[in-house]
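Line by line, the protein sequences give chains F and X. The opening residue of the first sequence carries number 1 in the numbering used here; numbering runs sequentially from there. The opening residue of the second sequence carries number 263 in the numbering used here; numbering runs sequentially from there.
Treat the hints as calculated values from the structure; they're not laboratory data. Predicted, not measured: the structure shown is a model, and the values here were computed from it. Note that the Cβ used here is the ideal one computed from N, Cα and C, for glycine as well. A couple of the hints might just be wrong.
Claimed, not checked - Calculated pairs, DSSO-like style, for lysine-lysine (alpha carbon to alpha carbon, straight line, at most 30 Å): (1) X:Lys342 with X:Lys326; (2) X:Lys702 with X:Lys732; (3) X:Lys520 with X:Lys268; (4) X:Lys732 with X:Lys749; (5) X:Lys342 with F:Lys223; (6) F:Lys223 with X:Lys702.
Claimed, not checked - Here are some chain F residues pointing at chain X (derived, C-beta under 8 Å): (7) Tyr110; (8) Leu144; (9) Leu230; (10) Gly246; (11) Ile257.
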Amino acid sequence: MTRAPRRRHPFAGVAVLLVGLVATGTAFAAVNAGTSAQASGAVASQTQVEAGRQLYVEGCASCHGIAGEGTEEYPSLIGTGAAAVDFQMQTGKMPATSPGVQVIGKPRNYSDDEIAAIAAYVASLGAGPAIPTAAELDFAGADLSEGGTLFRTNCMQCHNFAGKGGALSDGAFAPSLMDVDSKIIWEAMLTGPQNMPIFSNETLPPESKQAILKWIDHLQNDKDPGGLALGSMGPVSEGVFVWIVGLGLVLAVTVWIGAKVR
Amino acid sequence: MSLTTKVGGATIDYVDKRTGILGPAKANFRKLFPDHWSFMLGEIVLYSFIVLLLTGTYLTFFFKPSMAEVVYNGSYVPLKGIEMSEAYASTLHISFDVRGGLLIRQIHHWAALFFVAAMIVHMFRVFFTGAFRRPRELNWVVGGIMLMIGLLEGFAGYSLPDDLLSGVGVRIVSGIVEAIPIVGTYLMFFIWGGEFPGTDFIPRLFIVHVLLFPAILLALVGVHLVLIFYLKHTQYPGRGRTEDNVVGYPLFPIYTAKAGGFFFIVFGLITLVSAVVTINPVWAYGPYVPDQVTADSQPDWYIGFLDGMLRAFPNWEWILFGHTWSWNVFIPGLVMPGILFTALALYPFFESWITGDKREHHILDRPRNAPVRTGIGVMAITFFGIATINGANDLLAVGFHLSINQITWFTRIGLFVAPPLAFVATHRLCIGLQRRDRDKLLHGRETGRILRLPHGEFIEVHEPITDTEKAVILSHPQRRPLPMPAKTDENGVRTPRYRWRWIQAKLSSFWYRDSVETPSAAEIEAAEEHMRHGIGSEHEHRGDFEISHHEIGESETVEALTSRSEED
Chain F
1 MTRAPRRRHP
11 FAGVAVLLVG
21 LVATGTAFAA
31 VNAGTSAQAS
41 GAVASQTQVE
51 AGRQLYVEGC
61 ASCHGIAGEG
71 TEEYPSLIGT
81 GAAAVDFQMQ
91 TGKMPATSPG
101 VQVIGKPRNY
111 SDDEIAAIAA
121 YVASLGAGPA
131 IPTAAELDFA
141 GADLSEGGTL
151 FRTNCMQCHN
161 FAGKGGALSD
171 GAFAPSLMDV
181 DSKIIWEAML
191 TGPQNMPIFS
201 NETLPPESKQ
211 AILKWIDHLQ
221 NDKDPGGLAL
231 GSMGPVSEGV
241 FVWIVGLGLV
251 LAVTVWIGAK
261 VR
Chain X
263 MSLTTKVGGA
273 TIDYVDKRTG
283 ILGPAKANFR
293 KLFPDHWSFM
303 LGEIVLYSFI
313 VLLLTGTYLT
323 FFFKPSMAEV
333 VYNGSYVPLK
343 GIEMSEAYAS
353 TLHISFDVRG
363 GLLIRQIHHW
373 AALFFVAAMI
383 VHMFRVFFTG
393 AFRRPRELNW
403 VVGGIMLMIG
413 LLEGFAGYSL
423 PDDLLSGVGV
433 RIVSGIVEAI
443 PIVGTYLMFF
453 IWGGEFPGTD
463 FIPRLFIVHV
473 LLFPAILLAL
483 VGVHLVLIFY
493 LKHTQYPGRG
503 RTEDNVVGYP
513 LFPIYTAKAG
523 GFFFIVFGLI
533 TLVSAVVTIN
543 PVWAYGPYVP
553 DQVTADSQPD
563 WYIGFLDGML
573 RAFPNWEWIL
583 FGHTWSWNVF
593 IPGLVMPGIL
603 FTALALYPFF
613 ESWITGDKRE
623 HHILDRPRNA
633 PVRTGIGVMA
643 ITFFGIATIN
653 GANDLLAVGF
663 HLSINQITWF
673 TRIGLFVAPP
683 LAFVATHRLC
693 IGLQRRDRDK
703 LLHGRETGRI
713 LRLPHGEFIE
723 VHEPITDTEK
733 AVILSHPQRR
743 PLPMPAKTDE
753 NGVRTPRYRW
763 RWIQAKLSSF
773 WYRDSVETPS
783 AAEIEAAEEH
793 MRHGIGSEHE
803 HRGDFEISHH
813 EIGESETVEA
823 LTSRSEED
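With the rest of the complex left out, here is chain X (with noise of 0.2 Å):
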């Protein structure tokens, strides 16, 4: 036995005899966890949370969250002698003066980046497969919290610098905290200890981003994961998993030495891209001072989709019973992304409630077969990516030699206009893919290969699909929409809350509109059997015509024409 391995039992055993934790840790050990690549997105957001906290840590260390006046004396030539915060004048030191300042600056940048990111198309996959439907509501909801935190987080984190960029980022939420109606200046001057940029925000902006939202996301990450624990993870439909078993491998050692070796390749990939690419250049924008502003002035993408819409809306302001109404502000700063982090949270109760559907889910949807959800997903995107480009609208004008003005029109049209066309777009494809999942249970999979048969006419081979292909489209099971509801009972009382029931059962018919049947067991015996006959044993379908030709065994030689494979 080798001295680590000595050492090492030793000081499990010293542990286990104290706090008896061999047990249930042996246990947890060999959890097993499905295996997919796209389970492994939320790892992503994870690691690059955890290289937040790491470089975050070591920038503490030397910014100073102070709005006091210093000339700036550092070794960034372009701003010698310039007046600015102590906020700003720390940054340049860390960027140019401390060791290793700058890679860790844009490490940390960097890596909030791809955290958002990483947490958005996290969000989509477990969207889009129904991972969010019972018994993981909750997390769903724990996980748009962290998503909203993290954007909140992101804009604390840019505005810290107090370089002119994030200056007017600060501006314009100041001025969103104003458009409240009625109390609105109360507020922006408590929350700025007096008038706009004042000393306050910027050491409470920095409690808020190093202490108030990290222990929040921390806590909340540790709730997201030990769900995920203690409900199991889901797992993709395919042969031999079902609802009441999870196939895999243990979380020792397979998931531990592959989810250590990931977390090093994102950490590795992260500061890669830092070392090459620079990131919010705040020596370039200068400090902040009120009256400068920069063409194109964006905020981080993950906000720009707010941005956008602020571009976007009309200035529309009321005066009225002695106070400023700003619509043109409120509705689309705090109005519109209110609704949509609400029906985001809320959005696993209103498909349940539409469905009917209450039962536990352990294997996850495809997206074709819950067509309208995966068109309200589709449409969510087209939405976020329309109130997203438009926050870049100045640099499109720029770019593409079109007129801002345009592009606004453009936006205000195309916010209503085109998610409703990705939606029944998107809606269309999933019934085509429907239709041809049953196709290939019916009638196989077509080889691309064309045989032309002893009296001259031409057919292509259909070959039966594999059984994991056979198990994946079957794991889907046939639901039926919610019933009307009776107006009255048979003794004529009116059943209770109607109106309600029947916007339900209008909705659920709806979600089930245009879906595909599955084929009952004796459709699929039958088709095979048909199959198992051989090409063209009673009629080919082609087209609206049907042909009909005679039977060829094994024994008759047919003529291959042209071979080409066709990868479903």
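For reference, chain F alone in the conformation it holds in the complex (with noise of 0.2 Å):
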């Protein structure tokens, strides 16, 4: 079967990619202007709150109290802000399945409007911390060297180097920071969650906050300069490397040459 010679004409290619562009693009700024208008939605309507409230006491009230005043094993949220409860529930941290050393992340359970609602639910019980606008989080401007100082002074202890998370007492551990997003990032500065310290914005100002999220950023994106980087776990990782890849290569060699001569 012969095909025709020029079925498609040869800007075909082309075209595609533009509309393949625009349409990322456009898309991209929708998504983009839809989080700045929730980050920036601090002003939070009384029917949002309303609706907070409502999802608040079905899902929420039993540990944390009915009007956020807590009960005695767990916490109360009023003061907490909005920030806290944006970062717990997007990471899927809270609802807590079960209580334990550490409450770990799963998918979350709430849509972004939900978690908004219940934010501006918490956040109109008390003031706190509010979630950052884009503009906060904007670290384009930012020093990315001052990031890996401030880093290195304030997070790898527990965050590990290169930001791949590390133990803590009794089970208990910091996660790696390889897969988070800038804005739960800047929220758990802000919050403190778990065993992690408050860095507020008097202690530790935003600009930053910024140079430390252009770090991880570095972190997360920038390929290790020397080859494989075997997890970026320290010479423990190298030691087993070399036990048994290395060894394990030369000694292969050694009994082949060793054989050899028989």
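Bring the two chains, given one by one in their own frames, into a single complex with the hints.
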């Protein structure tokens, strides 16, 4: 069967690419606008607060009290602010499935709107850190090497030099930062979830937080200049590698040469 | 005659007329060395050492062992404008701005890991085959010193770049020095030239790393090799191999060619690993600042057991007579490694004291024939392994969702409980293998062929083992424990050093306990006669009961039911 010699116009590929790019760009702009609108929605409407209260009573009140006042075992949410709610619920840590050494993140089970509503309700209970705005999260102008210094001073004793996470006492751990969104990291710094200390905007100004975000972005995206990084876990993985792969190779050759003479 | 041969011959002639070296050289060129792959483990150590010397020299061209503060302005953007020591800045310079610098740095560091790992594997081979016995005890001691200096040299090396990780390591060592009772603080100020970290330590460590330790290592390598040459190499047991001969190939041309080729293979493999896998990414750790530390701060693997013991040790600290007695750091940091290395170096003398064996040995032991020694070796490996694992307790905790505190307790208990268990298990395994050897001599090898006899019985056919196998098994001479000393001699005079000799005899009987008797020549003769008469001439032993059956001749038909070859 013969095909028409020119079934496609020579510029068809380019056209498709253009359409794709425009579509992606538009979609991105739409989503981006949506995010900033939501983030800047600090002035929550009364209906949103009311919707949030409904969701709160259904999903959260059994532990945190009917009006966020807390119970004997679980903390009060008055004054924790919208940032804490957004962090805990976006990462799926809340609602917690089981109490343990540490509440573990999981796929979230509330929509963005629902989380925003609960955040608005909790924020209405008492003043607390707000969800960061897109402008706050824009780290493009931040100083990368200053971010490195701040990260090394404040973050890596728990999260490891490459942001891979590390151990804390009694089975608790500092999670990896590799797949974490800038907004979530910002909220974690502001609210200090679980074992993490609070880095308020007074102790760590927003410009410093932006520098740290820039450094974490570097850790997440830049390749290691030396080759395979072996999980960036320091000398332990290097030691395991030399015993299993390195010495394994050399010994295989040794046995081979030793067998050659016979 | 080709030009090369002519020129070569003329050169040799010229040198020989002036030095007379040809005679001794010829004799030594023909020196025989036994062949086995495990005899090349030491070569891996030597070759990685050569690689270390070559790459290390290149690195010294660019490394600046100075603590002077500079602002980094090299090509690695994430660290631009950061204040750091010249040592760290020059390491970054080597990594990012010197041609081939990063590769050479990675070769140097990987070669160091290979160096120590191969050294330890080589030591295992020497230990488990009893190659350290007379006359080679001193060479064992030399090897032990080289291992210790190798560890210190490695530590010095990875501490030089003054990156955050190495600074943390140096801080721990300064803490260990400070923990020495009474003089610790003084010593620490003396070594560091004042308060930690100061500016003197890196330049001092540099001289130790590039001059002092390599010079000692090089000298000891020389002694080690000369002793091997002079004492001759040991050989594995086998046909025609005795305590008085060496069965093998001449140094030239066989081993010179093999060794030369092997050097390039080792060099090539280290380079391959270094080109593909990063090691010690100093740029990722950042410069050392005393108030910073990273999760997963670990030493290189060979120091891991020390770190593991330090992490496991209880927090015992006294304040007595105006001094702080930091047992929590002093014992795991200095006392325990001191004891371990002393025990390692003195082991050959300890063993020959227990066994009373002062003879020369050139035939290697099979590990099963020295169950207590093999058990002690596995016990040491278990101890070392658990301590090393605890050195990585934080990584284990995260990786396996464990609690770091539970790992600490596992280590505290495991360090005492697991090694003896490993000893018992290894000892039993060795005895089991000895029994199998005896069984092979007396009953032959199990062939896996099942025969059905005419009257319906099934038996497995045994075949005599080969002469080589027999020679290997019989190479092990039967030895007896030292006799228990009498308390007094026949005149009622108390035996001198009775207690001491009693301990020695007790240990000796423990050493040989449960060892299986090698069958006598007559027993073997009888057994072979038995086997020659074919299967089942009298009785076949089957578990707890015996079955007697009729003799079958060659003409009789037998039915092979299954066939399964079993490789011993």
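Checklist entry - Given the proposed pairing of X:Lys702 with X:Lys732, does the C-alpha separation stay at or below 30 Å? => result Judged against 30 Å, a Cα distance of about 9 Å means the pair holds.
Next on the checklist: Given F:Tyr110 as an interface hint, is its Cβ closer than 8 Å to any Cβ of chain X?
Outcome noted: This hint is violated: F:Tyr110 lies away from chain X, its Cβ roughly 26 Å from the closest one there, beyond 8 Å.
Next on the checklist: Hint check: F:Lys223 vs X:Lys702, CA-CA at most 30 Å. Holds or violated?
Outcome noted: violated (59 Å)
Checklist entry - Do the alpha carbons of X:Lys342 and X:Lys326 lie within 30 Å of each other, as the hint requires? => result Holds, at about 19 Å.
Checklist entry - If you draw a straight line from the CA of X:Lys732 to the CA of X:Lys749, is it 30 Å or shorter? => result Violated, at roughly 42 Å.
Checklist entry - Taking the least C-beta to C-beta distance, is F:Leu144 closer than 8 Å to chain X? => result holds (6 Å)
Checklist entry - Does X:Lys342 pair with F:Lys223 here, judged by a C-alpha cut-off of 30 Å? => result holds (18 Å)
Next on the checklist: Hint validation: F:Gly246 versus chain X, beta carbon distance must be below 8 Å. Holds or violated?
Outcome noted: holds (5 Å)
Item to check | Satisfaction of hint between X:Lys268 and X:Lys520, Cα-Cα up to 30 Å | outcome: Holds - the C-alpha atoms of X:Lys268 and X:Lys520 are around 26 Å apart, at most 30 Å.
Next on the checklist: Hint F:Ile257 vs chain X: min CB-CB distance below 8 Å?
Outcome noted: This interface hint holds because 6 Å falls under the 8 Å limit.
Item to check | Closest C-beta approach of F:Leu230 to chain X relative to 8 Å, hint status | outcome: Holds. Min distance 6 Å.
Of the numbered hints listed earlier, those contradicted by the structure are 4, 6 and 7.
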